[in-house]
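All chains should be built: construct the whole structure from the sequences, respecting the hints.
Each residue of the sequence shown is one higher than the one before, counting from 1 in our numbering.
Since the hints were derived computationally from the structure, they do not count as laboratory data. All the pointers check out, no bait thrown in.
Here are the computed distance ranges between Cβ atoms for each label pair:
| # | residue 1 | residue 2 | range |
| --- | --- | --- | --- |
| 1 | Q154 | H47 | 32 to 40 Å |
| 2 | T139 | I3 | 15 to 23 Å |
| 3 | F6 | D38 | 25 to 33 Å |
| 4 | G249 | A15 | 31 to 39 Å |
Derived lysine to any residue pairs resembling SDA-like cross-links, with alpha carbons at most 25 Å apart:
| # | residue 1 | residue 2 |
| --- | --- | --- |
| 5 | K286 | Q40 |
| 6 | K286 | I266 |
| 7 | K286 | S269 |
| 8 | K286 | R181 |
| 9 | K286 | R255 |
| 10 | K286 | A217 |
Backbone N, C-alpha and C define an ideal beta-carbon position, used for all residues, glycine too.
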Amino acid sequence: MNIEPFDNFQHASRATLSHLYQRFGFALWMVTRTEGDDWQILFTEDHGYDISEGQVFRWSDSFCKRMVAGQGPQFAPRTGEIPVYVSAEIGSQLDVGAYIGMPLRRVDGSLFGTLCAIDPVGHEDLEQRDRDLIELLATLLSTVLTSESRTIDQMRREATSEDAQDLDAETGLLDGPAWERVLAAEEATARDFGSPACVVSIELSPGPSSSALHHVAGIVRRMVRETDFAARVGEHTFAVLMVECGASGGARFHRMVQDELAAAGIAASVGWATREPSTGIEQAWKRAEAAAEAGRTSDRPAG
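Shown next as C-alpha cells:
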C-alpha cells in the first residue's frame with residue numbers, strides 16, 4: 001500500500017469527508033469557515049442536500065455556532081430532542097434530524113470553522129471510540145490548516161521582501177507582472193480557505209513627480225501589514241491587496257490612506273473593494289480600479 005501525504009488542506013479535507021461518509025453515513029459532511037456572521041461552506045461530501053461549495057449561510061443561524069459556544073452537544077443523533085437546535089434558524093432552511101459538529105482551530109486557538117455533518121433522519125448514538133475518531137480527525141485537520149497557513153505566510157513575506165524579484169525600479173514595490181501573479185495565487189488561497197480579502201487602488205494625478213511617487217510608496221509601505229501586498233501597477237497607479245481582511249478593515253485602510261495623502265498634499269483618488277466568493281479577487285481589483293478612476297471617496301466598497 002502506497003501512503004503519500006496530502007498536498008494541502010483542501011485534499012486532506014476532501015479525503016476526511018469521504019472517509020467519514022463511508023464510515024458513518026450522514027447525507028452531508030462539510031468543512032466550513034466562519035468570518036463575522038458569514039458561515040461559508042468550503043468542502044462537501046454531499047449525498048442529498050445539494051449544498052454548493054462556496055455557499056454562505058449566517059453563522060448565527062447555525063447549529064455549529066451553538067455547538068462552539070457550548071450551548072449544544074457535538075453529537076446530536078436526534079436534533080429534535082435538543083431545544084437549542086430546534087430553535088436554530090438553519091432548521092427552517094434545511095431538514096436536519098441528526099447533527100455532528102467539531103470546531104477547527106488555528107494555532108492561536110481562535111476559531112477557523114467546523115467539521116460537521118447533518119442528516120434528515122435521526123441516528124443511533126455513536127460509540128465513544130467513533131466519537132474519539134471524529135474528534136481526532138478534526139484535530140488533524142486543524143494541524144494541517146496551521147501548517148499550510150504558516151507556509152503561506154512565509155511565502156507572502158518572501159514575495160514582498162527587498163530580495164524579491166520583479167520589483168518596480170522607481171519605488172521598490174512589486175511591479176505590474178508580479179501584482180498579477182499575486183492576485184492569481186491569493187485567489188487560489190482564498191478559494192481553499194474561504195479567506196476574505198480587500199483590494200485598494202490609488203490613482204495619482206497624471207505625471208506625478210519622482211518625489212510624489214516615493215512619498216506614496218512610503219505611505220503604502222508603512223501602512224500595510226507584513227503579509228499584505230503593495231505594488232506600483234502603472235505610471236501613476238498603486239495597488240494594495242490586504243489578505244485575511246474584511247470590509248471593516250478595508251474601510252479603515254481606505255480612510256487612513258486618504259488622510260495620509262491629504263496631509264502630504266498629494267492629489268489622489270482611492271477606490272477599494274472586497275472579494276466576493278462568487279467572483280474572486282480579480283473582479284474586486286477591477287471594481288477598486290473603477291472606483292478610483294471615478295474619483296469615489298465613500299467609505300463603502302465598490303459594488
